[in-house]
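Work out the full structure: start from the sequences and follow the hints.
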Amino acid sequence: MDRLRVLGFSVFEPTVNMALDEAIAEAVGSAKSPPTLRFYGWSPSAVSIGYFQEIHEEVDLEFCHSNGIEVVRRITGGGAVIHTKGELTYSFTVCDKDPAVPQDIQGSYMRICAPIVSALRGLGADAVFAPINDIEVGGKKISGNAQTRRFGAVLQHGTILIDLERGMLRALKVKREKLQDRGADSVGNRLITLKEILGRDLRPGELSSAIVKEFRKHFKCKVEYGKASPIELCRVPAIAERHKSIDWLFRR
Amino acid sequence: MEKVSQRKVKGGKFVKVKVSSEGGYITDAKITGDFFAHPEDAFEQVEKELKGMPVDRVRGTVESALGGIVLVGLSKEDLIEMIEECLE
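Line by line, the protein sequences give chains A and B.
Using my numbering, the letters of the first sequence correspond one by one to residues 1 to 252.
Using my numbering, the letters of the second sequence correspond one by one to residues 1001 to 1088.
To be clear, the hints were calculated from the coordinates, so they are not data collected in a lab.
Beta carbons: idealized from backbone N, C-alpha and C, even for Gly.
Wrong hints could be hidden among the right ones.
Unchecked claim - So the derived list for chain B, only partly shown, Cβ under 8 Å to chain A, looks like this:
| id | residue |
| --- | --- |
| 1 | F1014 |
| 2 | K1016 |
| 3 | T1032 |
| 4 | G1033 |
| 5 | D1034 |
| 6 | F1035 |
| 7 | F1036 |
| 8 | A1037 |
| 9 | P1039 |
| 10 | F1043 |
| 11 | G1073 |
The structure is reproduced here in structure tokens:
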């Protein structure tokens, strides 16, 4: 990976966010686009659930409906995530043959999370990578990450909590087994935000610039701020349509 | 008869297995959770292949359907154990 295209922070509808990540992965996997790091937000707020999750087990659909929260199913595995104001989402996509990212899944999470950990540390948060796929500060989760390998690409997307509307957590039904294992008694206790750690607010752009700088260092690549290509953009409506379908959302 | 086995795999992820059986044959199987599998659609294949299998053929079916699949947060053994629990 000698150059990295960066798509700066933008806010989109939930299904468009899912479709853009997928369209970029298709283009990167077929060498029509360079390796890409994208930052985004969600409007309206949303819950994203993992590929294998049972929607009724994970999401309080009634709460979501009455609070204007949309629900999407990711093409990546992993757990349910709430995407509200104050949360920064990123996606990193690279060709699956690129030696910059290890073939081994656990190794590749560590590799791709490393610049994010460095950026958080640079801002003053004592962040560490927490296997399998989290970043933690003081034993509490600040970032969750999920990966898929398809279309000839490795796609990793993840969430970083700058701030959190804790009331929105009621949208997630979290299992007792999972919390006990982590030594927390509620999902809120298990999470920590940059705002809580640093005692100040942060713009998404401040965090994303710090992450871009660390990607450049860690991967020793040139960074070019760019835009989604016409090839990617023309795929978005069809993919977003699939993500909107009942068949996809309720498949499990 | 439908039975459910669910657990948080030690050092791994949450997995829930729901299996229905009748007269010694599996009639339905659903595997859900927050684990990872690459490629993901291998799990649709496992569920499809389990349907109609005699209950004593779980191991072979899972092992062949998941051959070459990378699992993260659970193992084939976990899965086989949980499916067999549903059939006890």
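Each hint, compared with the structure:
no.	hint	verdict
1	F1014	holds (6 Å)
2	K1016	holds (7 Å)
3	T1032	holds (4 Å)
4	G1033	holds (6 Å)
5	D1034	holds (4 Å)
6	F1035	holds (6 Å)
7	F1036	holds (4 Å)
8	A1037	holds (6 Å)
9	P1039	holds (6 Å)
10	F1043	holds (7 Å)
11	G1073	holds (6 Å)
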